Amino acid sequence: MSEAGKRTVGQAGTLESNDVMITVSPGEEGSGISIELTSIVKEQYGDAIQKTVQDVVGEEKCRDIYITVVDRGALDCTIRARLLTALLRAGVVQKKEVI
Amino acid sequence: MNLRRTMLFIPGNNPGMLQNGGVFGADSVILDLEDAVAPQEKDAARLLVAQALQTVDYGTSERVVRINPLDTFGAEDIQMIVPCQPDVLLVPKVEGVQDIEKVTALVAQAETAGQKPVQLIALLETAKGIALAYEIAQSKGRLTALALGAEDYTAGLGATRTKEGKEIFTARSLVINAAAAAGIQSLDTPFTDANDEAGLYQDTLTGKELGFKGKLAINPRQIDVIHGVFNPTPAVIEWAEEVVHAIRKAESEGSGVASLHGKMVDAPIVARAEYILKLARRLGLEVMQ
Chain A
1 MSEAGKRTVG QAGTLESNDV MITVSPGEEG SGISIELTSI VKEQYGDAIQ
51 KTVQDVVGEE KCRDIYITVV DRGALDCTIR ARLLTALLRA GVVQKKEVI
Chain B
1 MNLRRTMLFI PGNNPGMLQN GGVFGADSVI LDLEDAVAPQ EKDAARLLVA
51 QALQTVDYGT SERVVRINPL DTFGAEDIQM IVPCQPDVLL VPKVEGVQDI
101 EKVTALVAQA ETAGQKPVQL IALLETAKGI ALAYEIAQSK GRLTALALGA
151 EDYTAGLGAT RTKEGKEIFT ARSLVINAAA AAGIQSLDTP FTDANDEAGL
201 YQDTLTGKEL GFKGKLAINP RQIDVIHGVF NPTPAVIEWA EEVVHAIRKA
251 ESEGSGVASL HGKMVDAPIV ARAEYILKLA RRLGLEVMQ
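Chains as they are written, first to last, in our numbering: chain A, 1 to 99; chain B, 1 to 289.
Derived from the structure by calculation, the hints contain no laboratory data. Model, not experiment: these values are computed from the prediction. Every residue, glycine too, gets a C-beta built ideally from N, C-alpha and C. The reader is advised that the hints may include incorrect statements.
In the BS3-like style, the derived pairs of lysine-lysine whose C-alpha atoms are separated by at most 25 Å in a straight line are [stated by the list, open to error]: (1) 51(A) to 61(A); (2) 102(B) to 95(A); (3) 166(B) to 128(B); (4) 166(B) to 208(B); (5) 6(A) to 42(B); (6) 163(B) to 208(B); (7) 163(B) to 140(B); (8) 42(B) to 95(A); (9) 102(B) to 128(B).
To be clear about the criterion: a stretch of chain A counts as covered by chain B if any three or more of its residues have a C-beta under 8 Å from a C-beta of chain B, and this derived list gives those stretches [unchecked claim]: (10) 10 to 18; (11) 73 to 85.
When you get a sec, could you build the whole thing from the sequences and use the hints?
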């Protein structure tokens, strides 16, 4: 994880069908992980989307971030890619940590 | 050698198209990180293509990724994409053997233990690349084909790009000849008007008659037309069967040359006939012998 001082707001994805727009905002030390989800398929897949986001955040050992997810029916692999991009752009993870 | 009648471009930052790329029946899909992706979205597309390679089922389609040139984002593309096990990297704007050598070194560095070696296709789309086509084609190891990119090439020449393609006749011939001399495939430039089916048919036919083994495609609608040109017709298959039958009969009688409908059948004719029958069998078309 990068220094908290270098962290910023990172956004990735679009609002087109099959995509997802994810915004990552660094939080205060100790604020934990917060996820706000809006999805056209929230009723059916809301839990699965939340789990994917939590899995990636866990794999990347992220702390203290606020994540906004606006889903337009994205597959799991798209959610992972967009979240990783947003985390990188936010400076929450470094390039070498992401495959 | 892999069948590459059609190689379909899919924009690398479009999740909907990436996840459906395998349903169109193209021989290869090209997940594009270069021209289809804006500079500020290169990082996002790279991650999206990496994820797609690991999870999306592209069926029987060969998985190709067009990386960016090494002087822009190419090295980063290779580092992230190669471990995700693409079959081939399409290398743009190749202008010399050293370009292929540099990519080869980076690919070797990025491959994981036990991974199937990633092959390379060189996209020749500059005057220099076309001029050095044979030298490039002789790159040892991973290079499996040369492809022509006529839009950039003609723009660089200052030539007018026409549907008839007379301005790219020389480039086409040089690419085909260079690839054939080096024993690798040659692949034709895409036809960029997705709404002109007749134009696509004629352009594909021109390329096939010159010697190309396949064609790049920019729209799924183009696949059937291109396959229709490259697939052997029943009449051609029948001719190939007759040739093979005639030469076998001649060989059994102690001669290496046969005659069919008054025309001589010798080794090059037999080689062409055998290629047609091999292709037909591979495509599941009806072959008697």
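Hint check against the structure, violated hint numbers in rising order: Of the numbered hints given earlier, the structure breaks just one, which is hint 7.
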